[in-house]
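Protein sequence lines correspond, in order, to chains L and Y.
Residue 49 in the UniProt record's numbering is what sits at position 49 of the first sequence, and the numbering runs on without skipping anything.
Residue 28 in the UniProt record's numbering is what sits at position 28 of the second sequence, and the numbering runs on without skipping anything.
For the record, the hints were derived by calculation from the structure and aren't laboratory data.
It is possible that part of the hints are untrue.
In silico DMTMM-like links for lysine to aspartate or glutamate, alpha-carbon gap of 20 Å or less [to be verified]: (1) K75/L x E328/L; (2) K191/Y x D359/L; (3) K41/Y x D11/Y; (4) K297/L x D283/L; (5) K75/L x E276/L; (6) K191/Y x E245/Y; (7) K75/L x D341/L; (8) K191/Y x E363/L; (9) K191/Y x E356/L.
The following residues of chain L were derived to be distant from chain Y, with all beta-carbon distances above 10 Å [said to hold, decoys possible]: (10) P29; (11) E43; (12) T71; (13) G77; (14) Y287; (15) A311; (16) R312; (17) E375.
Covered, in the sense of this in silico footprint (three residues per stretch, anywhere, with C-beta under 8 Å from a C-beta of chain L), are these stretches of chain Y [stated by the list, open to error]: (18) 83-90; (19) 237-248.
Idealized CB from N, CA, C, for every residue including glycine.
The lines below spell out each chain.
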Amino acid sequence: MTVQELPGAGASHRSTPPPAWRPRTDAAPLLPDAEPYRVLGTEAADRLDPALMRRCYAELVRGRRYNAQATALTKQGRLAVYPSTVGQEACEIAAAMVLEEQDWLFPSYRDTLAAVARGLDPVQALTLLRGDWHTGYDPREHRIAPLSTPLATQLPHAVGLAHAARLRGDDVVALAMVGDGGTSEGDFHEALNFAAVWQAPVVFLVQNNGFAISVPLAKQTAAPTLAHKGVGYGMPGRLVDGNDIAAMHEVLSEAVRRARAGGGPTLIEAVTYRMEAHTNADDATRYRGDAEVEAWKAHDPIDLLERELTARGILDEAGITAARDEAEAMAASLRDGMNADPVVDPMDLFAHVYAEQTDRLREQAAMLRAELEAEDQA
Amino acid sequence: MAQALTRAMRDAMAEDPTVHVMGEDVGTLGGVFRITDGLAKEFGEDRCTDTPLAEAGILGTAVGMAMYGLRPVVEMQFDAFAYPAFEQLISHVAKMRNRTRGAMPLPITIRVPYGGGIGGVEHHCDSSEAYYVATPGLTVVTPATVEDAYGLLRASIASDDPVVFLEPKRLYWSKADWSPEAPAAVPGIGKALVRRTGTSATLITYGPSLPVCLEAAEAAREEGWDLEVVDLRSLVPFDEDTVVESVRRTGRAVVVHEAGGFGGPGAEIAARVTERCFHHLEAPVLRVTGFDIPYPPPMLEKYHLPGVERILDAVARLQWEN
Numbered sequence: 001m002t003v004q005e006l007p008g009a010g011a012s013h014r015s016t017p018p019p020a021w022r023p024r025t026d027a028a029p030l031l032p033d034a035e036p037y038r039v040l041g042t043e044a045a046d047r048l049d050p051a052l053m054r055r056c057y058a059e060l061v062r063g064r065r066y067n068a069q070a071t072a073l074t075k076q077g078r079l080a081v082y083p084s085t086v087g088q089e090a091c092e093i094a095a096a097m098v099l100e101e102q103d104w105l106f107p108s109y110r111d112t113l114a115a116v117a118r119g120l121d122p123v124q125a126l127t128l129l130r131g132d133w134h135t136g137y138d139p140r141e142h143r144i145a146p147l148s149t150p151l152a153t154q155l156p157h158a159v160g161l162a163h164a165a166r167l168r169g170d171d172v173v174a175l176a177m178v179g180d181g182g183t184s185e186g187d188f189h190e191a192l193n194f195a196a197v198w199q200a201p202v203v204f205l206v207q208n209n210g211f212a213i214s215v216p217l218a219k220q221t222a223a224p225t226l227a228h229k230g231v232g233y234g235m236p237g238r239l240v241d242g243n244d245i246a247a248m249h250e251v252l253s254e255a256v257r258r259a260r261a262g263g264g265p266t267l268i269e270a271v272t273y274r275m276e277a278h279t280n281a282d283d284a285t286r287y288r289g290d291a292e293v294e295a296w297k298a299h300d301p302i303d304l305l306e307r308e309l310t311a312r313g314i315l316d317e318a319g320i321t322a323a324r325d326e327a328e329a330m331a332a333s334l335r336d337g338m339n340a341d342p343v344v345d346p347m348d349l350f351a352h353v354y355a356e357q358t359d360r361l362r363e364q365a366a367m368l369r370a371e372l373e374a375e376d377q378a
Numbered sequence: 001m002a003q004a005l006t007r008a009m010r011d012a013m014a015e016d017p018t019v020h021v022m023g024e025d026v027g028t029l030g031g032v033f034r035i036t037d038g039l040a041k042e043f044g045e046d047r048c049t050d051t052p053l054a055e056a057g058i059l060g061t062a063v064g065m066a067m068y069g070l071r072p073v074v075e076m077q078f079d080a081f082a083y084p085a086f087e088q089l090i091s092h093v094a095k096m097r098n099r100t101r102g103a104m105p106l107p108i109t110i111r112v113p114y115g116g117g118i119g120g121v122e123h124h125c126d127s128s129e130a131y132y133v134a135t136p137g138l139t140v141v142t143p144a145t146v147e148d149a150y151g152l153l154r155a156s157i158a159s160d161d162p163v164v165f166l167e168p169k170r171l172y173w174s175k176a177d178w179s180p181e182a183p184a185a186v187p188g189i190g191k192a193l194v195r196r197t198g199t200s201a202t203l204i205t206y207g208p209s210l211p212v213c214l215e216a217a218e219a220a221r222e223e224g225w226d227l228e229v230v231d232l233r234s235l236v237p238f239d240e241d242t243v244v245e246s247v248r249r250t251g252r253a254v255v256v257h258e259a260g261g262f263g264g265p266g267a268e269i270a271a272r273v274t275e276r277c278f279h280h281l282e283a284p285v286l287r288v289t290g291f292d293i294p295y296p297p298p299m300l301e302k303y304h305l306p307g308v309e310r311i312l313d314a315v316a317r318l319q320w321e322n
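In isolation and in its complexed conformation, chain Y is listed as follows:
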């Protein structure tokens, strides 16, 4: 996945001279995860810029650059390091189009490596998506596959609106039989995809939890459950129709994500599914999420992250008897 992301930026920069990559360590080092590797060498330091270490400054100057017609791609290094930039993000990035009645859109892509499962110490593993999806004006996407990493990042950079691009850290090293020479068409931002068809229940998920859900779906076969897995890919806009269509067919749904459950994206999704699928549901919509705790230390994260067992337990609870 890491290489697909690099390739997406490289191709975008080659095609469009207004695309600029910026952030802490993105130049000479190529980023702490090497996602921007080689970009400074190929396009020069003016187009792939090591900035001073200040997230509000990084995003704030990107706003000014976008005001002048550039397409900045900003790296936030780690989920929890993005918080100093929240005022810029919420008060300016998300609102500039609206404040100016459409006169000044800001085509900024904000790349945020997020989530746990890599044994990182505190402040390196937050699932911060709830903050972003609660902010009108932001588009929020998260790839779960190598192909989507490329396609969604290209689409994000091409978008005339600011996009928070959440990169699941633990999938950086995931591999796939994918060639950047012939990238499969990605149907743009805002489309969910059924990754596995099934008839017994729908698992609704995104980003780092997709592989876990696919594994759970395989394991559930032994229990006689044929699970459908929907990958949202985009949290805002939310592809409600794909989700609703799936749940109406299967009659049961579990939403799975790493972020805490209270006020997390799963709460919203469960509510929407309930509103639109009420008469099709055989059981309440359940959620399997991270606990409502600050992200735990590395040796405890396996107890926090939703795994296959917890998903299977929820699926078992879908045999609802009222």
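Isolated chain L, as found in the complex:
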């Protein structure tokens, strides 16, 4: 029996449409532009703020150096794993730069650089990836949520926190970061829906870097762009060049301003590219060709800004050297910090499971303590 032959098939067509329970709103203002928004290399660059751009440049150079140093540390066995953001530094830096002190950042596991750019000590930011503990900092002190390894699950946290802050009358915006693969997860959709319904002061930043480990965007979504996904939830979607830090800064600032003013959430898709493998454990040559990587090299976020700023006389050799020196100093201190062997306390295994330790855990802690003592005596 085919579906058409099943009893009742085709009988559900209504002769008249049901009454709408509310008027349709116009989706047009929510739709993203057809092309990613750019500033560098366009007329919009005429209004660049020189001081801000010099800072962006120094941060980008520092971020690139941070990526290189962290990758080197994996080769030396100092880091268990490092998901590189080479090529994505403009997204990471801009995300941190547009937040005020009281705002919150909700990073994914790839976003250590954003946490560092927000002011977190680079060694603390790498605690998770080094393996001495899960979160190496107090989230409340820095207003940076723990790096989230499960995909998109931190997005509803950002919504809840922003909503709570608004209920308490506090001027707080939450910025949540996720990758292109993460947009397929249920938590992404639930977070966007809650944020829009509650008009929570949240900015969702999707870094579309082309691949979810090995799976390209075309196999991830059938939407014209990821920014289009905002429309269905009733929030504006913005499409922006993720390698153009001036554009990123402008679009993110605008979304943060809107959220702060009570205008609700924004979904931003930053179109960028992951120049390196997913992590050092991944072999990117299995799923992409050199030509594609080379093409993106010509669109490097640091080169883009450097060209624009030097052409406009905003940046000179001295400025470039100063930025590089600053980056080297950061790398040296990161190396020193990571070369010191982390001190771990085995009894920490039981210390933070519950506010009050259960009898069961007390028993197990005593067992481990006895094992450790026996080891010491041997």
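Given the structure of chain L, go ahead and fit chain Y onto it with the hints provided.
Same frame as chain L, now just chain Y:
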């Protein structure tokens, strides 16, 4: 019991402005079981919030609210509807204190109406406690009396850790001579209580099976058995001492619960009792549980749920002859 639960939330909300109730239908409707009845009216929609229908979103946003210092009380409507929220529960709610080395505890209460016996259709009657008790970082409590419903819910909301608060659906309409004006002291989370003293054997139970066990204990008197009944009230932490003390005295034990037996809480309890009471035991520790099947349709649930007869049969088997 329903009114005691409502009262517990109401009192907690009145005392502490950071307590927020949230979930699907909890506002205007007062919940499908009316447990949140009147809270939105009294405290406003910002404190008793009808959320979009998405359990992961409900619990996930509650995490963010707790991160900011609120005490969310989340309603999951029905046991089997809580499953979409499991990733949030297991990967974040249960672990946040641990991941942050104590810097970020999450004081969230997750209310889950659970268990069968109300003639509900599928996905409305699961006994899901085994999933929760197997997750380190979660506190898991379940009241069996009206008094405990109030006391344990207040204690759960006051806890700095996430608590899965399992509400036995079929006891919602149970009545008691209880006044919220003078609630009896509940000795906090993690304390079991001997509900009936006896000398022949101990029935160890909790939640919806407590009334069944008390009824079985009365019926067993005719057979010459004087049964002690221990109500666990809290599955995590598990009050091992109260259980062990009872079994050492009676020498025999049966664990009774609705959840399936294989990998159910009864397996753990029986193992612990055996470890600590071995020389006091006159017979193996037995279990009377639901069958290891998906929850059956309403017309068949009476064959699945542990009843008085099945408990009495187990008690008879405690006359162990080796």
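Okay, the hints, checked on the actual structure:
For a cut-off of 20 Å, the pair hint linking K75/L to E328/L stands: about 19 Å separates their Cα positions. For a cut-off of 20 Å, the pair hint linking K191/Y to D359/L stands: about 12 Å separates their Cα positions. For a cut-off of 20 Å, the pair hint linking K41/Y to D11/Y stands: about 14 Å separates their Cα positions. Only pairs whose Cα atoms come within 20 Å are accepted, and K297/L paired with D283/L is accepted, the gap being roughly 19 Å.
Our distance criterion of 20 Å between C-alpha atoms is met by K75/L and E276/L, whose separation comes to about 14 Å. For the hint linking K191/Y to E245/Y, the alpha-carbon distance of about 13 Å falls within 20 Å, and the restraint holds. For the hint linking K75/L to D341/L, the alpha-carbon distance of about 16 Å falls within 20 Å, and the restraint holds. Among the hinted pairs, K191/Y with E363/L is consistent with the structure: their alpha-carbon atoms are about 18 Å apart, no more than 20 Å.
A hinted pair counts as satisfied when its Cα atoms are at most 20 Å apart, and K191/Y with E356/L qualifies at roughly 14 Å. Interface exclusion of P29/L from chain Y stands, the closest Cβ pair being 22 Å apart, more than 10 Å. The Cβ of E43/L lies farther than 10 Å from every Cβ of chain Y, with a closest approach of about 40 Å, so its non-interface assignment holds. Consistency note on T71/L: stated as away from chain Y, and its beta-carbon is indeed over 10 Å from all of that chain's, at 25 Å minimum.
The beta carbon of G77/L is kept farther than 10 Å from every beta carbon of chain Y, the shortest such distance being approximately 24 Å. Under the 10 Å C-beta cut-off, the non-interface status given to Y287/L relative to chain Y holds; the minimum distance is some 27 Å. Residue-level check passed: A311/L sits 44 Å from the nearest beta carbon of chain Y, beyond 10 Å. Interface exclusion of R312/L from chain Y stands, the closest Cβ pair being 42 Å apart, more than 10 Å.
Chain Y leaves E375/L outside its interface by the beta-carbon criterion, the shortest separation being 24 Å against a cut-off of 10 Å. Requiring three or more residues with a Cβ within less than 8 Å of a Cβ of chain L, the coverage given for the segment 83-90 of chain Y holds, as 3 such residues are present. With a threshold of 8 Å between beta carbons, the proposed coverage of the segment 237-248 of chain Y by chain L holds, since 4 of its residues qualify and at least three are required.
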